[in-house]
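Use the sequences and the hints to build the structure in full.
Given next are the chains, with one letter for each unit.
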Amino acid sequence: MLDDTDRRILRHYQHDPSLSAADLADRASVTTATCARRLERMQANGVIRGNYAVIDWHALGYEVEVSLRVTLDKTQPRAFEEFTEKAKIIPEVVEIQSFLGRVDLRLSVIARDMQHYQQLYRSAILTLPHIADIEALMHVARLKSDEILPL
Amino acid sequence: MIDLDTTDRQLLRELSRDATQSASALGRKLGLSQPATWRRVKRLRDAGVIRGQRLDLDAEKLGFGVTVFLGIKLATKGRVSLDDFERAVSAIPEVQTVEHILGLYDYRLRVVARDISDFERILRRRLMMLPGVGDIEANVLLSEERRPGPIG
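Just so you know, the sequences run in chain order A and B. Residue numbers for the first sequence follow this note's numbering, so the first one is 1399 and each next one is one higher. Residue numbers for the second sequence follow this note's numbering, so the first one is 51 and each next one is one higher.
Keep in mind that a hint or two might mislead.
The calculated EDC-like cross-link candidates involving lysine to aspartate or glutamate, where the alpha carbons are at most 20 Å apart (straight line), are [said to hold, decoys possible]:
1. A/LYS1484 x A/ASP1531
2. A/LYS1542 x A/GLU1461
3. A/LYS1542 x B/ASP134
4. B/LYS111 x A/ASP1404
5. A/LYS1542 x B/ASP133
6. B/LYS92 x B/GLU64
7. B/LYS123 x A/GLU1533
8. B/LYS123 x B/ASP134
9. B/LYS111 x A/ASP1401
10. B/LYS111 x A/ASP1402
11. B/LYS111 x A/GLU1438
12. A/LYS1484 x A/ASP1471
13. A/LYS1484 x B/GLU195
14. B/LYS92 x A/ASP1454
15. A/LYS1484 x B/GLU194
16. A/LYS1486 x B/GLU194
17. B/LYS79 x B/ASP55
18. B/LYS111 x B/ASP168
19. B/LYS79 x B/GLU64
20. B/LYS111 x A/GLU1545
21. B/LYS79 x B/ASP68
22. B/LYS92 x B/ASP53
23. A/LYS1542 x A/ASP1454
24. A/LYS1542 x B/GLU136
25. A/LYS1486 x B/GLU64
26. B/LYS92 x B/ASP55
27. B/LYS123 x B/GLU170
28. B/LYS111 x B/GLU194
29. A/LYS1484 x A/GLU1533
30. A/LYS1542 x B/ASP106
31. A/LYS1486 x A/ASP1471
32. A/LYS1542 x B/GLU149
33. A/LYS1486 x B/GLU195
34. B/LYS92 x A/ASP1414
What the hints contain is simulated information worked out from the structure, not anything from laboratory work.
Shown next as structure tokens:
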């Protein structure tokens, strides 16, 4: 489905998603028209899903980031749906992932400080339905976060 | 820390959905002039509120069928330098993110692989060879959803 030219364009585009169409074409050594056509096709077939700005929550005063690893009560048939539905309503939940493994779900939660986190944890997180167990991991530092695919 | 007004928040919301929108297109949506929009976006970038831009690719369509999150505990703390471990793990191309955490594990990694046997190869040949690695826990990602966060 994708050829070497597509991959080359994506490689450069991944490393700098803010490139203009002309600069991207230049780096990938294709004409601007080819580059535009290829990007359009990859957007149409869903290879490229989007290009979005990454917000630094620290800069907005959110000093605390916690990963909550949740195990759900599997005797409840709709536990997963009901839990995620409610978790989505909490604005400080910035990521919801589901897993096959020891952990069922993971929530990324941000808070202004530990006091704010404690308040969120008590009033919003612990009231979510069907929780069997929660483990918290606190973020210290992000060493690599580009999420680049090795194309 | 920078103060945001309602317009800034709307701009952030728009850009975290689609960062390729031009200042004039954004301005039209929010009822701002193109220069005013540009100035606000520049201020958000300069203040570091916008950390960067990310291309969202469908990993599966590009042949990466498996994403695994690993929790890694270092076995020999104190003897192995964290710097060495961090440098080595960040250099592995299949490792997409590396986070230093506090709790059950020391590091959390996001790893992409073509399939489970490719993942096994990365795990055995690359990750288990890292200096100081102790316990590893793996969870295969089934689904994920990024939320806009508290910028309503």
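Original post:
Which hints, by number, does the structure contradict?
Top reply: Hint check: nothing fails, all pass.
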